[in-house]
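Using the hints, put the two standalone chains together into the complex.
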Amino acid sequence: MPRITYVHPNGAREALDVPVGTSVMRAAILNGVDGIVAECGGEMMCATCHVYVEEDQLGQTPTQSDDEKAMLEFTASERRPNSRLSCQLVVTPELEGLVVYLPETQV
Amino acid sequence: MPAPVVAIVGAGQAGFQAAASLRQDGFAGRIVLIGEEPVSPYQRPPLSKSYLAGESSLDELWLRPETFYTQHQIDVLAGETVTAIDRTERRLRMAPGGELSWDHLVLATGARYRPLAVPGAELDGVLPLRTLAEANVLRERLDETREVVVVGAGFIGLEFASVAIVRGAAVHIIEVTQHPMGRVVSSTTSRFFTDAHRRWGARISLGTGVARITGAGGRATGVETTEGQHLPADLVLICIGVIPNAELAREAGLAVDNGIVVDEYLATGDPRIFAIGDCANFPTPFAVGRVRLESVQNAVDQGRCVAAHIAGKPAPYDKVPWFWSDQGDLKLQIAGITAGHDKAILRGDPDGGRFSVFCFRAGRLIGVESVNQTADHVVARRLLAGDPRLTPEQAADEGYDLRAHARSLSVR
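So the sequences go chain by chain: S and Y. For what it's worth, my numbering labels the leading residue of the first sequence as 1, then goes sequentially. For what it's worth, my numbering labels the leading residue of the second sequence as 1001, then goes sequentially.
Keep in mind the hints are simulated off the structure, nothing from the lab.
Keeping only pairs whose Cα atoms sit at most 25 Å apart, straight-line, the calculated PhoX-like set for lysine-lysine is:
| no. | chain 1 | residue 1 | chain 2 | residue 2 |
| --- | --- | --- | --- | --- |
| 1 | Y | K1331 | Y | K1319 |
| 2 | Y | K1319 | S | K69 |
| 3 | Y | K1343 | Y | K1331 |
| 4 | Y | K1331 | S | K69 |
| 5 | Y | K1319 | Y | K1343 |
Just so you know, these numbers come straight off a predicted model, no measurement behind them.
Extracted from the complex, chain Y is given alone in its bound form (with noise of 0.2 Å):
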């Protein structure tokens, strides 16, 4: 019998883990990684933060260096286009040309960014912020760049704005609903960075929305807001949240809703096909009913929880989930799922720039977020593993101790 194989379709930080994961876990058969961009895997999160401020090199981003792929015996297809999946033959479809038998495929197709469906979206200076490609334009932009209007405040926004404000350029931050970020953390913490950028120097309009783009010879000159303001700009960026890119999945006949729908082992309705990472909806006990997670933690774990599958130790998927943003001199640290809660204790002090907020829904501590306070969030991480056993009344509580309570639980 021929090695098996296993063709993962998305060489982002969930596909390099699955592939890295599968050959830690002893997989001995052939493992293809194929990419769309035509570069070795990278992290993402240093496109809006470091890389884009000029702090960090190339070099900082990419996962491993191109000899760990020869090492472990990886094969990269980078550059090319998973076209179509024929599950009955087993086999994968690709451009420019060529196909893969595969025995266990893994989808890791991430997602791309959501286009603003606007007049004028189509002028040069309109501009996303997904890929390299996308952060070195960006990058290279923003040395002439005078002023900016970030569409969109949610983390990909305001790390941009915070790096364009110190970058020099002058920001002006639309945002349609009331509450930057607000799919993802509690009105406290969205005020308190609402006023962060504000007093960096940022112009923030709430409950905007984009009428059109206006320019002059194809080039962006500014947006006409819906308020019927017209904001000045020789940028645009737009990050108004992304598409999980699930249509292969869907041609091939598997569910999809808001993603590629999978159960609590990561696998779609065929068993030897898996959805990981920014594409995958998956059930969770971090909220209520199911989830489609963009972060690296996620990535990351679902790669790993995969790879364990495949190579002969399945597990159901029960990670706790968390994210980070760095803002400014503002590091934003989230343990667990804040959306729905139904009570929020604040701890510490958002005027001395370090407090927590801790999200609890039915009496139940469910997430936390932390800003500069990566002590609360360590403990958070920590209680969110089992059950937290924490009241409002505790967290609220200043004198209470948060390791000691953390610690009393992983010796019961």
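With the rest of the complex left out, here is chain S (with noise of 0.2 Å):
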């Protein structure tokens, strides 16, 4: 199972070992990982699952869909180059060793 790791804020690092088709932002709520908060439950209707993703590894990460996009605009936290909703990275092997920031808050 590809490993993903979470950095808190205050740089507190977890890890979770993630299986191929859940998205990192179910693997975050299941495993209680505290940042994201998910209010729609994965339907892109809130964008309180955001994250940021390692720039180096943008390219690895699954396109962004127009709908992403335009969500994207409801970030409680600063929107960056590197912001992501985590409900639509969903974990593939490439995504092995993917590194995700958390805002600062989500709502």
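Written out as structure tokens, the structure reads:
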């Protein structure tokens, strides 16, 4: 299972082995990683599962849909070029070693 | 002085959010979350969408893992029913037994499905869709169901219909009004979805009610309509709306009128008792008068509002309502409340399957319905959070840059 690392704003790191097909959001919720709210449950309605992807890994992540780009306007923390909705980061073998940074706040 | 206790009655999305937000807001007392269903708090929207379709699993429904509640010291009493509120002694009575003293009480009791009062409604195969247990029954029955009659063309009925068709059933939808989803969407959007369901293979009878449900050997065999037609069915889904669970509040002497009546702080007439989510009837700037809304957004934002209040930072509830529905390959997103509009402006191309309807009342934008058009939905939520200052002419002009319009307002 690919290993995904979540980095909290204070620098603390949590690593999870995530089954292929599970989203980075769902894995965080199921494993009690604080800092991902996901109030709509992965329906791309809320932008409360915002993460910053490690910049040199951006190329490995799935392409952003127009809907995701639109919803990223709602992030509570600053939107940056490496902003993603983690519900859209469905884990594949290519994402092994992915590092995502959690924003200061989701709401 | 002992630590204060917040009792939350109802462990759905609203109750869960109130509990979680109380901890996040630094509330240090005891939090007790009481739910009738014998399971951990879960999300309801997928029950008529991906979960019903078999595309998502039970694991994906839980709002949080069990460990979350222990970590955050939230006592979850699952499978317990609150039978009475004693306001003088500030106690709850519960079944099967027990009492709980509280300092603040949050009623997040939700709503229950409205039964259809016709002969035959008790037959096997006549089913509602509201809870996880009910969704499990339907998910399994759809394996062998050949003919479905859906009674009521609201969100749930139409979502169910689109899943049932894909799972191989013949679907007939009957709706007593002329407008599917007519309580919440404009006639343009209603017609668009009616056409879409017909295209997907469903039959739809509008202006048609149920006279009785026919059966044989205790099992439903079909629906006899008020038009005298017999529609064969081995499964009849009843989805004609809900009844807010307000009895506890009424028996405790609190005001009830289409839900538990609360003020702009979501407080009842008793300042220590709040009501949130599907059961709460509240004043809102987004409609004329009061509303009761059934949505994730409403549950979550009201849960947060009440938690902040109890934690010592009261503020009136003022969040923009939003809703969504997934039907087939169509995603309907609504910002604001469009009911009561006097002008509906179409933007985009319904034939191409992407458009929005901008709804105005007395010249002011009150809500936007978007189909496969998230960019418009995003703009609409931004605009409605303040004074939208959008004219019907601007909405109708496809060349007019809505994002730039929204940005110009936020820097003002």
